[in-house]
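Enquirer: Residue strings, one per chain:
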Amino acid sequence: MNAERAPFTLPLPHIELPEARRRVPLRRVVTTEPPPQPTTDPRRRQAWLAVRLMDLPFAAALRALTAEQRSTVTHRPLAVVDDDRFRSVLSCNEHAHRHGVRPGHRLNAAIALCAPLECLPRSLPQETQLLESLALHCQRYTPTVVIEPPNELVLEVRGSLKLFGGIDALMDALAQDLQAAGLTASLAISRTLRSAQWFARHADRRIVMPNQQAKALAELPLRVLKWPPDIQQRLQRFGVNTVGQLVRLPRGGLARRIGHEYLKQLDQAQGREPDLRPSYAPPSSYHDRILLDFEIETLTLAESVLVYRLGRLQRFLTRRNATLSELTISLLHRDLPTTTVPLGLAAPSGDTTHLTRLLHETLNGLQLPAPIREMHIHVPRWFSAAATTSSLRFDPKSQRHCDDLATSQVRLLEQLRARLGADRVRSITAHADRRPAHTQRSHGAHADPSASPAPIPSLPPRPLWLLSEPKAMSSITRGQPRGLIDDPERIQGGWWDGDLTDRDYFAMRSASGAVGWVYRDHLQQDRWFLQGLFA
Amino acid sequence: MAIDLQQLPNVWPAESLARAHGELIASGDPRLDAALGGGWPTPALIELLVDHYGIGELTLLLPLLRSLSDIRPGTMAVWLNPPHALHAVALLQRELDPARQWIASDLSERDAAWAFETSLRSGACSVVLGWLQRPAAAVLRRLKLATSTGYTTGVLFRPGSAAGTPSPATVRLQLTPQPPYLQVHLLKIQGRRQANLCLDLRSRIEQGRSP
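Residue numbers (the numbering used here), protein chains in the order written: chain A, 1 to 535; chain B, 1001 to 1211.
Just so you know, these hints were derived from the structure itself, not from any lab. For each residue, glycine too, the CB sits at the ideal point set by N, CA and C. Honestly, I wouldn't trust all of these hints.
[As the list claims (entries may be wrong)] Simulated restraints on C-beta separations:
#1 B:Asp1200 <-> A:Arg490: 26 to 32 Å
#2 A:Leu523 <-> B:Asp1200: 52 to 58 Å
#3 A:Arg490 <-> B:Cys1198: 33 to 39 Å
#4 B:Asp1200 <-> A:Ala472: 28 to 34 Å
#5 A:His287 <-> B:Ser1161: 37 to 43 Å
#6 B:Ala1163 <-> A:Ala472: 31 to 37 Å
#7 B:Arg1193 <-> A:Asn321: 57 to 63 Å
#8 B:Pro1083 <-> A:Thr300: 54 to 60 Å
#9 A:Ala472 <-> B:Ala1136: 36 to 42 Å
#10 A:Asn321 <-> B:Val1011: 36 to 42 Å
[Said to hold, decoys possible] So the derived list for chain B, only partly shown, Cβ under 8 Å to chain A, looks like this:
#11 Ala1002
#12 Ala1088
#13 Leu1092
#14 Gln1101
#15 Pro1177
Chain B on its own, in the form it takes in the complex (with noise of 0.2 Å):
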């Protein structure tokens, strides 16, 4: 006789960890949404591993950004040492105020660390995006506390090499053009499993479109 888990009363799966933290944001994407159980984890640590700027790392983005803003409105976004300046054409032609973006850059390591925790901790941000090079385990543990204690979700970038460390974040996705598509390495979400998924973001990149 074959036991269905399932059915016996003391098994919960370990998959409903992830939602128990907050809300789900829908991500835009179907594939993704399956992927991360449901959407974007919120407020969360979302850790990004990007090697490459400009191959749709933002444009998977926008319907959390554009959604964590119209959850609370007249919050702003906070950018931290972004690799290049914002547009804020494209910003309007996506529906996000650019007048509601504060964006720092050139700031040290140390700095934006700092600034990445106070902002989160504040409470006062929609979404906080930072590029960050080399964060210590220490910082990252502290950004982690920090988006629970000011209930607000944080968008870490880091270069591709860090995949191999151990991070403290919620989910953890790795981006790799593969033109024409771009894949996706899920290589952690809490209560799930990995996965591997090419998303076809051509047509949200080049004309700006919401899904």
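Extracted from the complex, chain A is given alone in its bound form (with noise of 0.2 Å):
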């Protein structure tokens, strides 16, 4: 079929493409000729902090053993071992180093150099954890970090030079958080984030101003770069060996050999390409399980666990610049179902001393069932904090500073609540009726009332308080009793809600000295009834 079809089709004018546009495919990365240096106002520039942890795995594998058995591991000698076929040594302990041992001997190679040498594995989930947390812990400084697997950290430092006191006071900050983490890295700062990286792969402490980058970058070694070993064979049978002879050789023979993927990189590297990577951003939410040792019985020694722990989330609270509105507090019982305390706040708060005082007072209300054997501290979400300026009016007479008036409002009120109980600070407002019965509702506090409005304004004087029911005034049968003072208020109305009201009211002086508000009812044979109290 088809061959008795090809004569009809019609030739296509050959058209002859040069030879080199043939071979290379029509991507977008034409590499002949070099993106052009940006021109960057000396402002936007940024400055990248590498952190290059050099004992991550070894750190990684004591953190997944228990304090005791840490205590005695770290005496003897000891490596963590990769879990490849060979089973290298990624890294070990000074001991082991004293034998001999070095990071990338194989085990057997290694236990010939030292027999009583520990190996432990490499634990990947430990190290990723690990890396994480110091990831966080790093916002402090900044809040772009990206984490580069396997052990590096990437700050961008621009903004926080002025706040840290400098390059040199930052690293030293830096590297003493992580001295005290157990870890030692080696930092470098550069002008892109891939040079940073670089350079924290060669040498420690290595700090390369804008201007000296080119000539910095020319100095590394090929092995900094870390690509896959044919690579840098191939490049090394070229006679390259740093970087610097590299950029040299003309780009479109590079990218045919290399790959477009390693010129990018390069490029990258030098300011010319836009290198963009997700910063860390962390978990949406907060659990803390608390395993306990042995069974708690009170509720003060479980109070004392749980605002230790607290402390944790204030740390978490702080990082990550957050607020919680809620918070679920699980008590698991070895039978018993789980006794959950939910903790709830008016208003957003990313201060948790205020969280212990609710605590203490739910607590305080709490009967527990049964011992507790574990508990669970639960965030379901946070907000993000709003800034906002604490005063600096320092208020005299106090001596201390002047709180947000309406924050510490807020705080009396849900300690209030949780002590004596949601509904019990009430708050009354006037409402525009005469009966002395509906005159006033009462309801649940606020922390921030609006104004109440003005009541009618030709009432007479009211008593400041009323009694909860009025009182019968037994003694007086008939006529009118003594001490009465004004004229009467005839109070009358109520048809349109069925409680008919008809009462002439009276201030009236008691024998004994009080001043009350007494009415004669005439729903009810003209009887005297006590309502309320002139204070």
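Both chains come to you apart, so use the hints to assemble them.
Expert: Structure below.
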């Protein structure tokens, strides 16, 4: 069939493509011309601080052990081995180092060098976790922290340099933090993310100023690029040993031989290509599981454990610049169902000292059905904190800074509610009705109420105290009681809602000295009642 | 030759102690002001010993409550365990905003004392008024301390039988009705002498007028 049809197809005009263009696919990256060096405003420049953790596998593997195991293990020669075929040594401690064990040795060689060597397997999940927690920690220096697995963090610190007192001070602070976590790292600062990474792999404490960058980059050996071994070998066969020699090669040929991907990396290191990487975003909810070594029987003890763990929550919130509005604490028992203690806040807060106070009041009102085996602190979600500036005004009278009054009111109300009950703190509002039974309404207190409307202006004075129920004045059966002060005020009404009222109100000075508000009820055979007290 | 104590350089009158704390707020009655040394001291724990309610105990305090809420606008007055319900219209007539009163009734003695102390210490209230039957000496001392911590004035109502027991309060008044007057017995005020007054509060009580 095909053979029959072939003669009918029209021959297309053959276009002769140049050799080079035929071989290079017409993709975006046409690499014969280097991208122009972008001229950035000095203020827009970035400064990337790369942190290369030298013994991350070691620290992570130690972290997986219990405290007891750790103390016994660290006094002996110890190595962490990779989980590849050769079980090569990733990192080792000082004792092993003294015996001649080095990272990169295979397990056989390491044991031959040091017979009592203890080997720990590498724990990748632990390493990731440790790296993430370090990234979280580094967010106190800058919001932009990029995790570069397996063992690197890169921080954009241009805006933080001044705050932390310069490059050296910042590096010192960071190195100290890492040392406290039991890690050593090599740090480097450069103008681009990728070059900072390369410098950190080459030497510790490398500070590369923007004007020296091209020169410093040119001196870097090829191994810091961490390109695949076959590419590195190929480049070495060309006689290329440093980045400078690599950059000098013609781009077109280089792109064909090592691939566009790697050429792009070179451009990124020189700041000619954008290098966009997602910065670390912390997880969106907080869950803290407290495993207890022994069962807790008293709430006092449970509270002290919880308060200690709320400190961790506080650090968590501070790092994320977050606030929370609700928190659930679950107390797990052996047989009985879980006791749940919800803590709710009226307004999101990032301050756990207030939560501690609320917790204290809530736990005080709780009965523990059984000993606690385990506790959980769970924060379902949080809100980013609005940056508030605390008052600079110093109140000379109270000898302290004026707190935000609204905040302290909200906190007081929450505290009272937590202990006394949600609806026990009440507030009253006047209601436009003359009948004393309907003249006011009681409702749960608000922290920031709107002002009450003015009362009916022409009302005669009312007593400050109202009795909950009018008290019948049984001694007066007939006529008027003695001591009535004014003319009566007649209050009639209520036909519209069924609570009919027809009374004459008097102020009455009693023999005991109290001034009462009494009335004669025309609907109840003119009996006399005490309604309130003019206090 | 007579020596005038006031002239000696190293002698200071103990009465000046009462003024050392903070502001004085006029009580609305010149005689009471004179007895108190110029007015209610603030922040202070003011103790009122009352057996009967409705005799003018709130009227006596109204100028204080009003000035305290005027000094710090937007703050709340807290009423703990009041003997009766407050009347919103009466408060409005006496220039107090009922929405700015937090009222907690029927509290146990312990809860009331706790709430009293917490509210005083928070510094978020203009004034805290509490009715306690038998507060322990430790509770009273804590309340006294909380008034200075939170820079808030507290008013404590106690039964008249407590007059014999000592108290750390800054001011202690015993109120007894002596119709048609109110007898105010100034049991204690720091740095000043005791006093006995008979105040005529009739017009203020019945008319709800400010002095």
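Enquirer: Next, verify each hint and record whether it holds.
Expert: How the hints compare with the structure:
The hinted window of 26 to 32 Å between Asp1200 (chain B) and Arg490 (chain A) holds, with their beta carbons roughly 30 Å apart. For the pair Leu523 (chain A) and Asp1200 (chain B), the supplied restraint of 52 to 58 Å is violated, since their beta-carbon distance comes to about 37 Å. Between Arg490 (chain A) and Cys1198 (chain B) the beta carbons are some 36 Å apart, a value that agrees with the proposed interval 33 to 39 Å. Range check, Asp1200 (chain B) to Ala472 (chain A): about 31 Å between beta-carbon atoms, so the 28 to 34 Å window is met.
Between His287 (chain A) and Ser1161 (chain B), the C-beta spacing of about 56 Å breaks the proposed range 37 to 43 Å. About 33 Å separates the C-beta atoms of Ala1163 (chain B) and Ala472 (chain A), a value consistent with the hinted range of 31 to 37 Å. In this structure the hint that Arg1193 (chain B) and Asn321 (chain A) lie 57 to 63 Å apart at CB holds, the actual value being about 58 Å. Checking the proposed 54 to 60 Å range against Pro1083 (chain B) and Thr300 (chain A) shows it is violated: the Cβ atoms sit about 35 Å from each other.
Look at Ala472 (chain A) against Ala1136 (chain B): about 38 Å separates their beta carbons, and that is inside 36 to 42 Å. A hinted range of 36 to 42 Å for the beta carbons of Asn321 (chain A) and Val1011 (chain B) is inconsistent with their spacing of about 59 Å. Because the beta carbon of Ala1002 (chain B) sits about 41 Å from the nearest beta carbon in chain A, more than 8 Å, this interface hint is broken. Because the beta carbon of Ala1088 (chain B) sits about 4 Å from the nearest beta carbon in chain A, less than 8 Å, this interface hint is met.
Interface hint at Leu1092 (chain B): satisfied, since its Cβ lies 5 Å from the closest Cβ of chain A, which is below the 8 Å cut-off. Below 8 Å, beta-carbon pairs count as interface contacts, and Gln1101 (chain B) has one with chain A at about 6 Å; its hint therefore holds. Taken as an interface hint, Pro1177 (chain B) checks out: its beta carbon lies about 2 Å from the nearest beta carbon of chain A, inside 8 Å.
The structure is inconsistent with the numbered hints 2, 5, 8, 10, 11, although it conforms to all the rest.
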